[in-house]
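Asks: These are the residues of each chain, in order.
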Amino acid sequence: MKENRIKQKLQESKKLLSIYFTAGYPNLNDTVGIIQDLEKNGVDMIEIGLPFSDPLADGPTIQDSSTQALKNGMHTELLFEQLKDIRNTVSIPLILMGYFNPMLQYGVEDFCKKCFEIGIDGIIMPDLPLDVYQEEYQAIFEEYGLINVFLITPQTSEKRIRAIDDASDGFIYMVSSASTTGAKKGFGEEQKAYFERISNMGLKNQQIVGFGISNASTFQQATENTKGAIIGSAFIKHLTAKGVGSISDFVGQIR
Amino acid sequence: MKTYHADERGYYGEFGGAFIPEMLYPNCEELRQNYLRIMVDPSFQEEFHQLLKDYVGRPTPLYFAERLSEKYGTKIYLKREDLCHTGAHKVNNTIGQILMAKKLGKNRIIAETGAGQHGVATATVCALVGIECVVYMGEIDIARQAPNVARMKMLGAEVRPALSGSKTLKDATNEAIRDWINNPVDTHYIIGSVVGPHPYPDMVARFQSVISEEIKWQLKEKEGRENPDYVVACVGGGSNAAGAYFHYLDNPDVGIIAVEAAGRGIDSGESAATSALGKVGIIHGSKTLLMQTDDGQITEPYSISAGLDYPGVGPMHAHLFKSGRGEFISITDDEAMTAGLEVSQLEGIIPAIETSHAFAIFDYKKFKPDNIVVINLSGRGDKDLQTYIDYFKL
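So the protein sequences, as listed, match chains D and B.
Take 1 as the starting number for the first sequence in full-length UniProt numbering and just add one per residue.
Take 1 as the starting number for the second sequence in full-length UniProt numbering and just add one per residue.
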């Protein structure tokens, strides 16, 4: 089997820029166009958000985009349908990100199989806990070549970070501060110390930072000690304000 | 031995657990590692029971409802949680959790509320100990529960509107959880029911278990036996029911009856009868039965009673339903309102509309003349007067 695209990407020497967007937003059929445009403009990796009615870990921007996407008619099967030919035109790693309940209702094995057929490389389900994943679902994820990405936060204990590192086979999603999603202005000394602390732990997996990255300066700060950074809310705000035709403006100002 | 209590990972059969994002893991883990140790500590127990006695007004009476018994041809006892300070059982849990928060060194409390009862009970205990209190409440509920909003404000709490989603209880819960993610160190989240991630369902059930603890000795005094034939309680999230069942869960001699809100009818599309309409899924960090679309989006329930319109149910109750240990009956708005009026006129007690649902089971469930049936009278109807007035054109 070919090596997972996420792993290949992590071997490149540059800092990675990853973008999150909510599938079905601003319009139901924007999904494929947004992905193609992001790749064209040099984005390294994409998290495709599967909207959920009750996104606990998200701030207002992603909540609102999820609500709108659901109103537009987005659902799991439709997203798979929209993505079915995506690998004819897009070669960067694609990750599905969402909440566990829609995946559970679809059927975890069916969901993973669909992802494999489409060419999805990884899954981020923040509310699927590590122990449940390992006991019930890890074998299924692996059978379909999917990397499951775990999160850590500034409050995560060293012991647990080691356990998450052991369970990970790709990268660790490093949440920048104790917060829900949504861009704020810059990182302080506290974040800097946290980035350095994790960097000095000598983990086997590289880290990519998410939450609170919105522009060139926060991207630069976040990637000083890490492999890359993920932008979500700031990109969605840009789509809301400027529309899907202006993706190059957004990506261009990050690096 | 087969048990209907939580195991050490917070599972009731297949239900429960902690399906939470990593941002909440340290908060829940701190609580998980400490809650049992703190709860069994003699100094904690002493303070808890002292407050329940002197401040809440416990023990609440177990009252033999003579006229109701006569009408339905069985022996009906009412556990008078409506006589608790603030008007419902909710305060048993908030007293426990505020003491827990103090032991954990927290200096800020958050809570969610639907109808406002749990919000009031939380604001009350925060005033009692002098801790900052923020209550999240759906924007729609704020508009329709004005007296309780005023009570919370008078007690010194800040009431923050939940503006997301459907702007009701489930969204208020989401907002409280988001607040906790943003304030992981100094804040304790007082959940109002036996829902949410482990250890909440078990912890809240233990604080509410004082209800069945008292029923046991009170019934022994009155009838010479600790065990009724049936314990009946209404179930939204299920905290009053969990407390009334707690010491009887593993005793097969005691029948457990859970009464859910059918709203305008199970098949009307406007219902909150989770056992009938729900499927296994994840809500607010717990694996349980919940009302959802085929696609796994959580749907909005409906009941005339704001305290019962929660789209999920506590994992203990999901397990009682699935295993057949509990008998689940759903009662419509109309049936509940009629039963509430009847209890008012037969016993001189105006129950909360939530509790009125429990009084409407006699058309569905027949009891023998010598059966002892304990109904948990979880709250009083003062807060519902406007709804009763509108319904009966009083």
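To be clear, the hints were calculated from the coordinates, so they are not data collected in a lab.
Even glycine gets a Cβ: it sits at the ideal position worked out from N, Cα and C.
Accuracy of the hints is not assured; some may be wrong.
Claimed, not checked - 25 angstroms max Cα-Cα, derived DSS-like pairs, lysine-lysine:
| # | chain 1 | residue 1 | chain 2 | residue 2 |
| --- | --- | --- | --- | --- |
| 1 | D | Lys113 | B | Lys279 |
| 2 | B | Lys106 | D | Lys159 |
| 3 | B | Lys53 | B | Lys167 |
| 4 | D | Lys237 | B | Lys216 |
| 5 | D | Lys71 | B | Lys279 |
| 6 | D | Lys2 | D | Lys204 |
| 7 | D | Lys71 | B | Lys53 |
Said to hold, decoys possible - A few chain B residues facing chain D, derived, Cβ under 7 angstroms:
| # | residue |
| --- | --- |
| 8 | Phe19 |
| 9 | Glu22 |
| 10 | Lys106 |
| 11 | Ile131 |
| 12 | Asn174 |
| 13 | Ile181 |
| 14 | Asn182 |
Asks: Regarding the pair D/Lys71 and B/Lys53, is the alpha-carbon distance no greater than 25 angstroms?
Replies: 51 angstroms, violated
Asks: Does D/Lys113 pair with B/Lys279 here, judged by a C-alpha cut-off of 25 angstroms?
Replies: The hint holds at about 23 angstroms.
Asks: Between D/Lys2 and D/Lys204, is the straight-line Cα distance small enough, at 25 angstroms or below?
Replies: 21 angstroms, holds
Asks: Within a Cα-Cα threshold of 25 angstroms, do B/Lys53 and B/Lys167 meet the stated pairing?
Replies: Judged against 25 angstroms, a Cα distance of about 36 angstroms means the pair is violated.
Asks: Quick one, is the B/Asn182 hint okay against chain D at 7 angstroms, beta carbons?
Replies: Holds, about 5 angstroms.
Asks: Sort out whether B/Lys279 lies within 25 angstroms of D/Lys71, counting only the CA atoms.
Replies: 22 angstroms, holds
Asks: Any CB of chain D closer than 7 angstroms to the CB of B/Phe19?
Replies: With a minimum Cβ separation of about 5 angstroms from chain D (threshold 7 angstroms), the hint on B/Phe19 holds.
Asks: For the hint on B/Lys106, just tell me whether its beta-carbon gets within less than 7 angstroms of chain D.
Replies: 15 angstroms, violated
Asks: Taking the least C-beta to C-beta distance, is B/Ile181 closer than 7 angstroms to chain D?
Replies: 5 angstroms, holds
Asks: Within 25 angstroms, alpha carbon to alpha carbon, are B/Lys106 and D/Lys159?
Replies: Within the cut-off at roughly 24 angstroms; holds.
Asks: A closest beta-carbon separation below 7 angstroms is what the hint needs, so does B/Asn174 meet it against chain D?
Replies: Check passed: Cβ of B/Asn174 comes within 6 angstroms of chain D, closer than 7 angstroms.
Asks: For the pair supplied as a hint, D/Lys237 and B/Lys216, confirm whether the alpha-carbon distance does not exceed 25 angstroms.
Replies: 59 angstroms, violated
The structure does not agree with the numbered hints 3, 4, 7, 10, 11 stated previously, though it agrees with the rest.
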